[in-house]
Amino acid sequence: MLLHVEDLNIEFHDHIVPETVVYDFDLDMDEGEIVGLVGESGSGKSMSALAIAGLLSRHDAKKRGHIIFDGTDILNCPREELRNLQGDDISMIFQEPMTSLDPLKKIGWQVEEAMRIHKKCTAAERKERAIKMLGDVELEDPERVYNSYPHQLSGGMRQRVMIAAAMINTPKLLIADEPTTALDVTVQAQIVKLLKRINKENRTAILFISHDLSLIRQLCKRVLVMKGGYVVDGGDVEEIFTHPKQEYTKRLIDSIPHVDLSGE
Amino acid sequence: MKNSVKKDFNFILGIVLTAIVVVPAIIGIFWTPYGIDTMNNSLKMAGCSLAHPFGCDNFGRDILSRVMAGSAITLLIGLGTVAIGAVAGTVIGAVTGYYGGLADDIFMRFNDVMFSFPSLLLALVFVAVLGSGRTQLTVALGIAFIPSYVRIVRAEYVRARNMDYVKSAKLAGASDIRVMFVHILPNTSKVMMGSLLIGFNNAVLAEAGLSFLGIGVQPPDASLGRMLSDAQTYLFGKPGLAIVPGVTLIVMVLGISLLGKSDTITRIR
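Those sequence lines, one after another, are chains A and B. Residue 50 in my numbering sits at position 50 of the first sequence, and the numbers go up by one each step. Residue 142 in my numbering sits at position 142 of the second sequence, and the numbers go up by one each step.
Okay, derived cross-link-like pairs now, EDC-like style, lysine to aspartate or glutamate, Cα gap no bigger than 20 Å in a straight line: (1) A:Lys119 with B:Asp176; (2) B:Lys167 with A:Glu96; (3) B:Lys167 with A:Asp88; (4) A:Lys105 with B:Asp176.
Here chain A is said to cover these stretches of chain B; the calculated rule only asks that three of the stretch's residues, wherever they fall, bring their Cβ under 8 Å from a Cβ of chain A: (5) 155-167; (6) 180-190.
Keep in mind that the hints were calculated from the coordinates and are not lab data. Bear in mind that the values here come from a model prediction, so they are computed numbers and not experimental data. All C-beta atoms, glycine included, are put in the ideal place defined by N, C-alpha and C.
Could you put together the complete structure from these sequences and hints?
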């Protein structure tokens, strides 16, 4: 098993009354698996993902439970150990491709960053690898992109750059936190296809977070449905689509717009 | 880019005014037409001449030479002050802003206390402890300038620490130090550039003020403030003694303020 999350609770203490945003979150992921996580905004899905990535800083939030990634206890291991995993075995891409790149640094430098930190190699090797990755995420003219600044790229291109940067060390787990929400529909479909290919080629497990059930259906085999901090439903995607057990899931599925081609 | 520099009036005028003062000052570090403390009895209070374009002072010293060397010292003190203030301020501001929490609160309250003294007064206290002279003056002013830089840098780090690109950097496995100084620091440059120039101006003026009061640069060293202070006695008899260093100071400060206001400097890229 690659990832084992058990009884994860996340509490914030920045108000007088502690506020729990995630209750008893359980998740198991195998290598090479794609799991979807759906829910409306505020349902705790991003918080769970940040906790799994080890990004919830310790004084902001109180966490209980276990997150075991590949034998390492993410919640309790020393910072040093966590940093060794981050960027090497765990990577993450964010929702907003406009802000997730440093505006002052060239794309190439940013794609190479995780490699610079984790791998001992020469600048030439890094550049070769970065350009190969940029080509791999189906960016045209990777050489030119390598030498560009973020403001010179479109949203879809930046999201591809983010994926290239996240995949540079071929991680075991990629967390995609609504990677397509800020993109238009055609680009969305391309990114989903790209993630699927990456998953197949590298055996990278993907935790795909979205509020869009139809995207989840295209990409994932298994899905968890979250609401108000609780996992309310879960299981095989097709099973959930055809026989939703919960009222909430039913309503979510009904909310997917569809075109009725039959006319009446 | 070229076009925008051409249209940037503040930048062009700023560069020209700054150059008028800084170029002679830099030459003044290595060479002056006459020694800055070479006295000549026959030239006491001499007027303008080809040999002494700005005349001589009450000891018969060449004013041009003294202004060149004096503005060099003033500039160096300004640079040193800003360097001490900005480096220490950046480190403290970065750490407190990035980590936040209790240490941040404590440091910022301490900073507020420092802030509640006028920085000139604070410098005066430090001079009283450290003694006077140029090095002491630079250190004193530098320390007095730290709080304002802490404020500026901290605000930038608080803003940056929750940005997605910082999260990505952390997630790439970058250490805190690396995130702070390799990823975030360049993004503070826009704000820093402006405040560095303003800080430099304040340092120049503070140096002039302290030297004018006689607790800054000590004779025989010349500095613009020192020269102004020496010229007081002869203000009516020979106003040139005050006018030359005074105008130099004004041009220097004006030039640098204009640079600080210009789009070219504050909007790098």
